[in-house]
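**Student:** Starting from the structure of chain A, add chain B where the hints point.
Residue numbers (the numbering used here), protein chains in the order written: chain A, 1 to 227; chain B, 1001 to 1221.
The set of hints was computed from the structure by calculation and includes no laboratory data. Please note: incorrect hints may appear among the correct ones.
[Unchecked claim] Computed footprint of chain A on chain B, listed as stretches where at least three residues anywhere in the stretch have a Cβ under 8 Å from a Cβ of chain A:
| id | segment |
| --- | --- |
| 1 | 1003-1012 |
| 2 | 1078-1086 |
| 3 | 1129-1141 |
[What the hints assert, rightly or not] Now the in silico label distances, taken between C-beta atoms and shown as ranges:
| id | chain 1 | residue 1 | chain 2 | residue 2 | range |
| --- | --- | --- | --- | --- | --- |
| 4 | A | R221 | B | R1149 | 22 to 30 Å |
| 5 | B | G1199 | A | A62 | 41 to 49 Å |
| 6 | A | L155 | B | L1030 | 47 to 55 Å |
| 7 | B | S1092 | A | G91 | 47 to 55 Å |
Please read these numbers as outputs of a predicted model, since none were measured by experiment. Just so it is clear, CB atoms sit at the ideal spot from N, CA and C, and this is done for glycine as well.
Residue strings, one per chain:
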Amino acid sequence: MSQFDRFLATFFDWEIIRDFLPALGQGFVITCELMVSIVVSGLALGLLLAVARTFRVRAVNAAIVVYVDALRALPPLVLILLAYFGLPNVGIGLSGFTVVWLVLTLVLAAFAEEIFWAGILSVRQGQWEAARSTGLGFLQTLVYVVLPQAVRLTLPPLTNRTIAITKNTALGTVVGVGEILNQATTAQSFVGNASPLMAGAIAYIALFVPVVVLGRWLETRYSWRKA
Amino acid sequence: MDAVLDQFFNLQIMIDAWPIIWRGLLMTLLLCVIVIPLGLVGGLAVALLGTVRSKPVRWAVIGFVDLFRAVPPLVLLIFVYAGLPFAGLQLSPLAAVSIAFLLNNSAYYGEIYRAGIESIGAGQAEAARSTGLNAFQTMAYVVLPQAIRNVLPDLVSNTVEIVKLTSLASVVALPELLYSADMARSVTYNTSPIVMAAGIYLLMLWPVVRLLSRLEHRMGH
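If we strip away everything but chain A, and leave its shape as in the complex, we get (with noise of 0.2 Å):
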């Protein structure tokens, strides 16, 4: 056997694929579920503190700021361990699935918000009195004017640090969840062979490259915008 063909036969083995598809499958829908969940409820949880920032309650504000500073600082897998061991132990059993999509939704909420605040604060004082005196309420001033412009201005850091972020479901595997790479290991170690490995990588790259390439093009398209 040439050395290609047994390069071929470690990581491209057709017949050892194929029999895993239908586990990579399976992982590939846990993964999508998980990576949906926490997009849709770490990006409203992000954007309702940067809302709530913007009251100016000073408690409030401290709080969030502790909240983001904390979960910015912290490794997502530390949390997750703690949340998957922890807990139990005073009575509050979480499925490993339900562990991850927690932590990763507190942990993008957490960035969300920043970038939300950012985008916020970028809106000009005069906008806000503008809108204000045209007889719009402050929470009318909020949603119809600053926001609409904030988040536009924030698309392209809030779709990088989503994909980030979102790439961290494979962390689900240490504590079972079904994922794909958990898929990928599993049947890797039963079948003794890398080539279930490489197809849960291929899975991830055909997951994850058209994002990180609208990622890309919403980078270029907003910075021709700003020059």
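**Tutor:** Relative to chain A, chain B alone:
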């Protein structure tokens, strides 16, 4: 309440776990000292390659960057650590982590340097060349110093991400901070060692995150 205190903030267990956690912390620091410079240099190489004239090279750079930004770091790490041995390449955990992180971090740092280089007007490079500096000198003395200044917050922010990322090394049994804490947890059936590790990460990274937050708001990011 007592149960919570006992489970998460058990001082006696924390004291007992300290020696192993301390060794873990040293390993985490060693990892940082290896992977951060590797990533910074790899990223610079990626960004510089991205500025060359040849189209195929530029396309290859974009392909590299997008590929390694799309693959989750843990997948890459497990691929290097558990997949490559099948091809006859058996790596120690430390080597596997270094290689996986080099690929991942070069892609991220590379994108940041690229944004920095693009933020410097072409006129700067032209002016530098017209004074007689060659291409290398222009890049090294004129473009890069300004480019790096412009993207400093992003570079620091990515470095924070890398320090956090080193916790993934626990998955391939490299005895860094999180691995040591998790070992202590499984021996004591108590979560306090992980709380302790979390506290150490906070101590290390909170000041940097605070600084970043101020930098970002001042620069109007």
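**Student:** All hints, please: hold or fail.
**Tutor:** Status of each hint after checking the structure:
1. 1003-1012: holds (count 4)
2. 1078-1086: Satisfied; 6 residues make the cut.
3. 1129-1141: violated (count 0)
4. A/R221 with B/R1149: 22 to 30 Å: Cβ of A/R221 to Cβ of B/R1149: about 25 Å, so the range 22 to 30 Å holds.
5. B/G1199 with A/A62: 41 to 49 Å: 20 Å, violated
6. A/L155 with B/L1030: 47 to 55 Å: Between A/L155 and B/L1030, where Cβ atoms are some 39 Å apart, the hint is violated.
7. B/S1092 with A/G91: 47 to 55 Å: 41 Å, violated
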